[in-house]
Amino acid sequence: MTTTPHISVQNLNVHIENQHILKDISINIPNKSVTSIIGPSGCGKTTLLKSFNRLLDNIPNVKIDGKVLVDGENIYDPSVEVTHIRKKMGLLSQRPYPLPMSVYDNVAYGPRIHGIRKKK
Amino acid sequence: MIKRKLEELFFKTLMILATIVVTGSFFLIVGTIFSKGIPYMNLDMITKTPGGGFYIGKEGGVLNAIIGSLYIAGGATVLGLMISIPVAIYINMYIDGKRFTSNIIRLAFDVLFGIPSIVYGAFGFLIMVYFGIRASLLGGIIAVTLLVIPILVRTLDEVIRTVPRELRDATLSLGATRWEMAKVVLRQIRPGIFTAILLSFGRGIGDVASVLFTAGFSDNIPTSLHEPAATLPLAIFFQLGSPVEEVQGRAYASALILTIVVLIITVLSQLLIKKFSKHKI
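Going down the list, the sequences are from chains L and X. For the first sequence, position 15 matches number 15 in my numbering, and the numbering has no gaps at all. To convert, count from 1 in the second sequence and add 120; that's my numbering.
Chain L extracted, bound-state conformation (with noise of 0.2 Å):
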């Protein structure tokens, strides 16, 4: 089975309030599979998902280097626009946190955001 990796994480290093956190992370994640990332409570696993959608950027003195790419597109490259990455990303956090909006509107939420209205 070689396929194309969907993901692909090159030489990713992330320091958190100079904390290195993740350490020279390199990996393929295929196309149409699960794959499970396990390991000791704080070494990093939501970390390295956080990096796939570039949530990290709103945590204060990150740096990030490395490349992520997705679909052969590199996330991390400057021109890449954030929300078209995440409309193609999602992640669901490890505590679930409903929008203060009606269950109809939580749902709707992502797909009206990018423009989808009134199809129900």
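Don't read these hints as lab results, they were simulated from the structure.
Cross-link-like lysine-lysine pairs, in silico, BS3-like; alpha carbons within 25 Å at most: (1) L:K45 / L:K88; (2) L:K87 / X:K303; (3) L:K63 / L:K45; (4) L:K88 / X:K303; (5) L:K88 / L:K63; (6) L:K45 / L:K23.
Sample of chain L residues with no beta-carbon within 12 Å of chain X, all distances over it, derived: (7) T4; (8) V9; (9) I25; (10) C43.
Bear in mind that the values here come from a model prediction, so they are computed numbers and not experimental data. Glycine residues also receive a C-beta, built at the ideal position from the N, C-alpha and C atoms.
Mind docking chain X on chain L? Use the hints.
Positioned in the frame of chain L, the structure of chain X alone reads:
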């Protein structure tokens, strides 16, 4: 073992005493205003402007000051919100990668928070002189706005910081822009916005020093932004200074009106907070 129990008892007593002192002084203040103000309270006080001999104990009321105070506190709160909501959003959601910058801005607002209101009054007066505005409703609103902005920004800032990181991440990972995230966060903190409005309105309606030079005083209800406006605290101040007993009593009646206005605003905003807490966990 006995030492632990004594310690528990000691601090419990201390807490009860402190609570009694605070609650007691609240009832003492309200009680004094009521007992001294009720005898002079009548329909004229809230429906009429001062007549010719009002300040020597003749007919009239303080409607001019009630309306003036509501205009100034309301105008300042609305204007203040329009300035402070963007500031609070900006320092929390747009520059949170640079903690240093946002902390400098927070420090600035903390300092502004502690500046006595007479300084805002003087500063407002300078602005008015520069723009050639005379003591007027507009001047009062500007000065009180300056006064309430730090209160609003700091309150909103604290409220926004209680919003869980997960909520922001949830909107962002759906591909929302920062402004779209801010809109969701604003919905989440709606009850907090009402608390901020309440605090700023309460502060604005009760402040004397900032309106002393800027709003002036008038026996008429202001009909435009450029007319001087009376305020309840100033009305109380002028009436208390009178040697006539009748007028002094009316000062307490005015204080009673001010207290009731604040009470109404508080109850109203509590109701609104309940209403807007829908769809929240």
